[in-house]
Amino acid sequence: MHPVIKLVAQRLALGLLLLLAASVLIFVGTQILPGDVAQSILGQSATPQSLANLRAELGLDQPALTRYFSWLGGIMQGDLGKALTNGQDIATAMGKRLGNTMFLASVAAVIAVPSAIILGLIAVRYQGRWPDRLISTITLATVSVPEFLLGYIAVYFLSVQLQWFPSLATVYDGMTFGEKLYAISMPVLVLVLVVLGHMMRMTRAAILNVMQSAYVETAELKGLRKFTIIARHAFPNAIAPVVNVVMINLAYLVVGVVVVEVVFVYPGMGQYLVDHVSKRDVPVVQACGLVFAAVYIGLNLVADVVSILANPRLRHPK
Amino acid sequence: MKDDLAKLIDRIDAGRLSRRGFMGGAAAIGALATMGAPAFAAGEPKKGGILKMGISGGETTDTLDPGLSDSPVPFNVIKQWGDTIVNITADGGINPNLAESMSSNAEGTEWTFNIREGVKFHNGADMTANDVMQTYLRHSNEDSKSGALGIMKGISGMKVEGNAVVITLETGNADLPYLLSDYHLVIQPNGGFDDPNAAIGTGPYKVTSAEPGVRFAFEKNAEDWNTARGHYDGVEILVINDATAKTSALQSGLVHMINRVEPKVAKLLDRAPNVTVENVSGRGHYVFIMHTNTAPFDNKDLRLALKYAINRQEMVDKILDGYGGVGNDTPINAAYPLFDETLEQRTYDPVKAAEHYKASGHDGSPIELIVADTAFPGAVDAAALFQQSAKAAGIPLEIKRVPDDGYWSDVWNVKPFCASYWGGRPVQDQMYSTAYLSTADWNDTKYNNPEFDALLLEARAETDTVKRKELYSKLAHILNEDGGVICPMFNDFVEAHVDDIMGWEKLPNGEMMDGFASSMTWLA
Numbered sequence: 420m421h422p423v424i425k426l427v428a429q430r431l432a433l434g435l436l437l438l439l440a441a442s443v444l445i446f447v448g449t450q451i452l453p454g455d456v457a458q459s460i461l462g463q464s465a466t467p468q469s470l471a472n473l474r475a476e477l478g479l480d481q482p483a484l485t486r487y488f489s490w491l492g493g494i495m496q497g498d499l500g501k502a503l504t505n506g507q508d509i510a511t512a513m514g515k516r517l518g519n520t521m522f523l524a525s526v527a528a529v530i531a532v533p534s535a536i537i538l539g540l541i542a543v544r545y546q547g548r549w550p551d552r553l554i555s556t557i558t559l560a561t562v563s564v565p566e567f568l569l570g571y572i573a574v575y576f577l578s579v580q581l582q583w584f585p586s587l588a589t590v591y592d593g594m595t596f597g598e599k600l601y602a603i604s605m606p607v608l609v610l611v612l613v614v615l616g617h618m619m620r621m622t623r624a625a626i627l628n629v630m631q632s633a634y635v636e637t638a639e640l641k642g643l644r645k646f647t648i649i650a651r652h653a654f655p656n657a658i659a660p661v662v663n664v665v666m667i668n669l670a671y672l673v674v675g676v677v678v679v680e681v682v683f684v685y686p687g688m689g690q691y692l693v694d695h696v697s698k699r700d701v702p703v704v705q706a707c708g709l710v711f712a713a714v715y716i717g718l719n720l721v722a723d724v725v726s727i728l729a730n731p732r733l734r735h736p737k
Numbered sequence: 254m255k256d257d258l259a260k261l262i263d264r265i266d267a268g269r270l271s272r273r274g275f276m277g278g279a280a281a282i283g284a285l286a287t288m289g290a291p292a293f294a295a296g297e298p299k300k301g302g303i304l305k306m307g308i309s310g311g312e313t314t315d316t317l318d319p320g321l322s323d324s325p326v327p328f329n330v331i332k333q334w335g336d337t338i339v340n341i342t343a344d345g346g347i348n349p350n351l352a353e354s355m356s357s358n359a360e361g362t363e364w365t366f367n368i369r370e371g372v373k374f375h376n377g378a379d380m381t382a383n384d385v386m387q388t389y390l391r392h393s394n395e396d397s398k399s400g401a402l403g404i405m406k407g408i409s410g411m412k413v414e415g416n417a418v419v420i421t422l423e424t425g426n427a428d429l430p431y432l433l434s435d436y437h438l439v440i441q442p443n444g445g446f447d448d449p450n451a452a453i454g455t456g457p458y459k460v461t462s463a464e465p466g467v468r469f470a471f472e473k474n475a476e477d478w479n480t481a482r483g484h485y486d487g488v489e490i491l492v493i494n495d496a497t498a499k500t501s502a503l504q505s506g507l508v509h510m511i512n513r514v515e516p517k518v519a520k521l522l523d524r525a526p527n528v529t530v531e532n533v534s535g536r537g538h539y540v541f542i543m544h545t546n547t548a549p550f551d552n553k554d555l556r557l558a559l560k561y562a563i564n565r566q567e568m569v570d571k572i573l574d575g576y577g578g579v580g581n582d583t584p585i586n587a588a589y590p591l592f593d594e595t596l597e598q599r600t601y602d603p604v605k606a607a608e609h610y611k612a613s614g615h616d617g618s619p620i621e622l623i624v625a626d627t628a629f630p631g632a633v634d635a636a637a638l639f640q641q642s643a644k645a646a647g648i649p650l651e652i653k654r655v656p657d658d659g660y661w662s663d664v665w666n667v668k669p670f671c672a673s674y675w676g677g678r679p680v681q682d683q684m685y686s687t688a689y690l691s692t693a694d695w696n697d698t699k700y701n702n703p704e705f706d707a708l709l710l711e712a713r714a715e716t717d718t719v720k721r722k723e724l725y726s727k728l729a730h731i732l733n734e735d736g737g738v739i740c741p742m743f744n745d746f747v748e749a750h751v752d753d754i755m756g757w758e759k760l761p762n763g764e765m766m767d768g769f770a771s772s773m774t775w776l777a
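Note that the protein sequences, when read in sequence, are chains A and L. Take any residue in the first sequence, count from 1 to its spot, add 419: that is its number in our numbering. Take any residue in the second sequence, count from 1 to its spot, add 253: that is its number in our numbering.
There could be a bad hint or two in this list.
[As the list claims (entries may be wrong)] Taking lysine-lysine pairs in the DSS-like style, the calculated list, with each CA pair at most 27 angstroms apart, reads:
1. K599(A) x K473(L)
2. K501(A) x K398(L)
3. K473(L) x K553(L)
Hints are computed from structural coordinates only; laboratory data are not their basis. The structure presented is a predicted model; accordingly, all values stated were derived computationally and were not measured.
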């Protein structure tokens with residue numbers, strides 16, 4: 420077997436194992452949440468008998484281990500269960516929210532990733548001069564400001580004062596693609612600003628690292644243009660760390676945007692998760708946790724594989 | 254008077270007073286009579302437009318079943334598509350709605366409601382007396398999870414006679430029509446037994462799209478039986494739980510009106526151009542509750558010491574920013590019919606507090622007050638103010654701040670001394686019966702006073718309003734002196750709308766004009 424395929428297969432297996440471990444953590448975590456599902460569903464009017472009935476109905480009287488394996492078994496067959504609070508099928512309800520979150524994340528990524536890399540290249544090209552300083556200062560500032568504050572500042576100027584963009588990012592069925600894009604312009608802007616700095620600075624640092632190498636000096640002595648050296652010789656060798664940081668930021672765009680979703684009232688996964696945590700709707704919380712874990716592990720897996728493929732030493736081992 | 258009038262006119266110039274506010278203020282200082290023809294005659298409602306409401310207090314887990322609704326968004330949604338058989342007017346009277354008229358026997362134990370004919374549901378079916386009875390059955394049967402179950406408990410029998418519904422009660426209740434105005438009790442086809450989530454009713458707007466926690470859309474019900482309401486072509490309710498997002502949506506014109514403006518920002522928001530803040534004193538109140546059956550709160554002197562040790566006016570000024578009124582250690586204020594205005598207002602008195610504290614023989618150890626942000630807006634700050642004012646009277650309070658999560662299941666109604674709130678009820682009987690009757694589930698002060706219970710039941714069946722008022726006066730005096738509730742303040746409903754919204758009225762029964770904002774207002 421080709422060593423690359425073997426390496427990728429190994430990574431995949433490790434990823435699955437990690438996901439399984441995450442499922443255990445999620446299950447244990449939701450079990451030790453304070454409060455009782457039956458109690459929070461029935462409220463103050465609960466009687467001991469109705470509590471016992473509901474617990475039996477929800478299977479809460481079974482030992483935790485039994486419940487874990489029946490839950491895991493369901494997931495293997497694609498059954499995430501039903502929400503306790505309103506009886507909706509979780510996969511259906513969550514599918515829509517996940518779609519919304521993915522939409523927001525991908526629009527933000529499509530803008531943020533190329534701009535971060537291009538800005539990084541420019542910063543290296545003009546290292547130590549004013550374009551580098553300007554880019555670094557601005558991106559450092561946007562990274563340092565908490566995202567909700569960034570959101571509120573953007574709302575104040577762009578929505579309330581100038582009225583260019585809507586302060587609410589509510590999207591719903593029946594909107595055209597253009598209307599949806601316009602609706603999410605503000606959260607996209609904030610997300611781009613938040614992730615741009617990290618990726619751009621990492622790109623800059625990785626390339627600068629490579630710029631010390633002997634072959635870059637050779638290229639310079641050959642008389643190549645500075646930008647050609649960076650794009651042709653330095654960047655391909657800096658891909659591995661860049662891809663890693665890009666993937667971490669993409670994962671953040673999916674799993675870490677709860678605050679931004681709340682500020683702009685965007686109907687994504689974050690809001691969905693928060694609502695169900697407060698209602699002790701454990702199956703939904705578990706399903707959300709698992710999806711988040713899968714996204715995170717999956718993207719990191721992609722990062723690993725890409726850096727293996729980008730490295731000739733790993734691609735052609737002796 | 255002249256100065257007052259000048260002040261009002263100044264405020265109009267400054268754009269801070271609505272036309273209605275001016276009329277009210279001018280009437281109060283007796284100026285209208287001298288002004289000749291009113292220069293601000295109310296215009297005819299204009300038809301058309303889509304009303305957008307930004308409402309906080311909605312979750313993904315909400316359903317359309319009126320029985321299971323207990324938060325602001327479901328409340329406002331129900332008010333679009335549903336009708337109760339009666340409504341409560343601004344001055345606490347009863348307005349017939351789906352019932353054309355009503356009557357009771359002398360003891361108040363048998364009530365007859367004549368149901369309006371010719372009213373159609375959104376699905377085209379006729380609304381009948383049987384639908385009314387089935388609705389009440391669904392909310393009152395044994396395994397009902399309805400939020401209205403508590404108020405339906407006293408019903409012992411129902412029957413349909415022609416186009417009338419006859420309701421028999423276990424004990425007389427002169428307030429039954431008020432109870433039936435509860436928003437859970439909107440009439441559904443066959444009572445909603447077939448499909449409780451269908452959201453089919455007789456209201457001014459039909460549901461066209463429902464995404465819980467996100468957005469609800471409605472279109473005008475063209476066959477509405479009541480042509481005097483519902484001036485918009487459609488209504489949208491956007492769920493906006495974040496307070497800042499809500500106010501900025503209003504300011505940027507994305508929504509026309511919002512609910513629950515925080516007192517802290519209300520004055521600032523009122524200064525914004527094109528926005529009017531509305532407030533109406535409601536029956537909702539914030540409380541500190543002591544379990545009267547648990548030491549040290551089982552001692553009346555200690556309870557009185559704490560009641561004298563709280564500075565009510567300071568709380569209204571600092572916690573509510575003036576958007577509210579002081580409480581008097583009863584759950585009742587002037588917004589209730591038959592309010593007893595003779596009860597003396599208790600004020601902050603550290604000397605009396607110290608006397609009662611001494612008389613209670615308390616050992617001087619810190620008294621633990623449990624509080625969380627969710628108890629009421631500003632609860633933690635209010636507890637700190639309470640601690641300071643009590644300290645001046647030599648009473649040591651220890652504040653224990655706990656997380657919001659689990660507060661309503663693990664602290665409220667469980668721990669002996671904590672902060673809480675009440676939304677108020679339409680009538681005194683219902684408020685007392687929900688929270689102060691010794692047998693009530695939500696008797697959160699564990700108050701057990703046979704004399705109080707007996708008076709309450711007597712008042713409930715009393716149909717003579719003069720005698721009834723006397724009985725309620727006695728109840729208020731007992732609770733004020735002996736009860737376990739410290740009520741520092743009644744909070745206003747504070748809401749805001751853009752200036753294009755016309756016809757806003759002050760209805761103290763619920764937020765957003767008791768949910769009738771979309772029925773009664775119109776776009777200029």
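Each hint, compared with the structure:
1. Simply put, K599(A) and K473(L) have alpha-carbon atoms about 26 angstroms apart, close enough for the 27 angstroms limit, and the pair holds.
2. Under the criterion of a C-alpha separation no larger than 27 angstroms, the hint pairing K501(A) with K398(L) is consistent with the structure, at around 20 angstroms.
3. Between K473(L) and K553(L) the alpha-carbon distance is near 57 angstroms, which puts this suggested pair outside the 27 angstroms criterion.
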